Amino acid sequence: MPHLLILALPIPPRSLEKLGDITEEQVVRSPFGDVGPLARRQQPGASTGVWILPYFGSPTHTDPRATLWAAKDLGVQRILAIEGMVGLAHDLTRGDIVLPTDYIDWTKHQPATFFEKTGAGYISQKPPFCPDISAAIRGQLPQARPVIYLGAEGPRHETAAEARMFQQWGAQVRGLNLVPETYLAKELELCFAAIGLITAHGADRERAYGKGEVRRATREALEALPAIFAALPHPPACGCNHLQDRARQRGVLPKDWRKWQ
Amino acid sequence: MNSHDVSTLIMGGTAAYGLDLTPWRPVQGPFTLQTPYGESPPITLLQPDPGQPPVAFCSRHGRDALQHSAAFLNHRAVIWAAKMLGISTIFSWNGVGAIAEGLEVGNLVTPADLIDFTRKRITTFGHPDLRPASGPTFHPAARAAIIASLPNPNPIPIPTYVCTEGPRLETEAEIELYRRAGADVVGMTLSPEIFLAQELGIRYASLCYVTNYATGRALGRAPKRQFGPVVARTCLPILIRAAALIDH
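Just so you know, the protein sequences line up as chains A and B, in that order. Mapping to the working numbering: the first sequence position 97 is 97, numbers consecutive. Mapping to the working numbering: the second sequence position 14 is 275, numbers consecutive.
Cross-link-like lysine-lysine pairs, in silico, PhoX-like; alpha carbons within 25 Å at most: (1) A:K259 - A:K72; (2) B:K344 - B:K381; (3) A:K259 - A:K117; (4) A:K72 - A:K117; (5) A:K126 - A:K72; (6) B:K381 - A:K126; (7) A:K117 - B:K381; (8) A:K126 - A:K108; (9) A:K108 - B:K381; (10) A:K72 - A:K255; (11) B:K485 - A:K126.
One side of the interface only, derived from the structure: several residues of chain B facing chain A at Cβ under 10 Å: (12) F378; (13) T425; (14) E426.
These are calculated hints, taken from the structure and not from any lab test. If you're wondering where the values come from, they're calculated on a predicted model, not measured in any experiment. C-beta: ideal position from N, C-alpha, C; glycine also.
Could you put the whole structure together from the sequences, leaning on the hints where they help?
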């Protein structure tokens, strides 16, 4: 049975204990750079584990293709990201939990694809995020508000003018990781969805100061993880793992995904 | 071949890679040219009408199969090669997704303007003596020649094309943003080709074949898609007619 990978903002390991003890640690060597160390947690007797990889530093300095390649290499099928996001919409405030349901790509230097030599990157973005994981999040974290996510090029913050523009475009939150992760994941037929924790307000608003609400929201999200994990259907019902069927049938992609280019 | 004989280059997009050129009478090639930006893609000279000068033809995405998606083409090599051949007009055909409500799969539109949402492509030769052109985005006379060659009038009179980076398709949120910005059709091809052509003083116009509805824009219609050989077989004759109409 395929594993789950959690990409998360740095969190105390203690809060992940409910997912099982650490049974393994690995650094994965990918053609796009080394990834890890990743820690695997697994309940005694369970056949499926959860790999954890913290988001380290700025996404501008790591190649997101490395992370997704590593996930595939570890036998992961599903990726759940937990990311700190900026609340652009004025009714979003620090400590809110959100569920991105669509995205706008405003990155500039992120890789656009694994496939520079074939047409295999021509992939529909409907649905933009994995329906199975999104449904499990909605079920176990009903307070997570559906939002349109704008993926920006970090590490800088957006300006106030940009924050207003992004809202005119229809975006409600801004972040630095999910784009291009979500569409690169599709290219490798991986499931991908995310929980957002609002950690700051858009630059067009008064700065928000913390009173522990982000810590509380993080705890809420982490406490829901075992239930989200348990709610995921087996086998997957979403179809993400069949996104390259046509490319394989047409001979554009070989059977061995490690030879995909 | 005297380069002065050929003044039009037809850049084939969707389905050009699988097209059998025999009915359009290839008279020379395919050949490639060495440019300062690397080797050009293969170019074939076609002379469907012996009374007309030949036209050059190039399949943008490769031959036999889609070998390179739009973001990974050597745009500078092909446009420079066109200049070396003495080309004064480039006609492009390319598949687009429909954003504007009035468009159906199978419609043909000739864009009048463009919004560039690509992010990694080189949009200039960077040569100090070459200046970006001012004036209309698509060349009015070249565009008029395509319009005069269409079997039916444009379903929308002054379409705007938005160019995305790709190779992935767009999200619904992105399409909604482009619609609000004024775009009628979406594709991944025309930037930077048109800007490079402008720098070299080559007239450029495009024939867009609506291959699909952009994400979220089927508007209750059956989600049809048309990427098959019919796209190439429809577009090439129209552009050959346009080549005969345009005054070089």
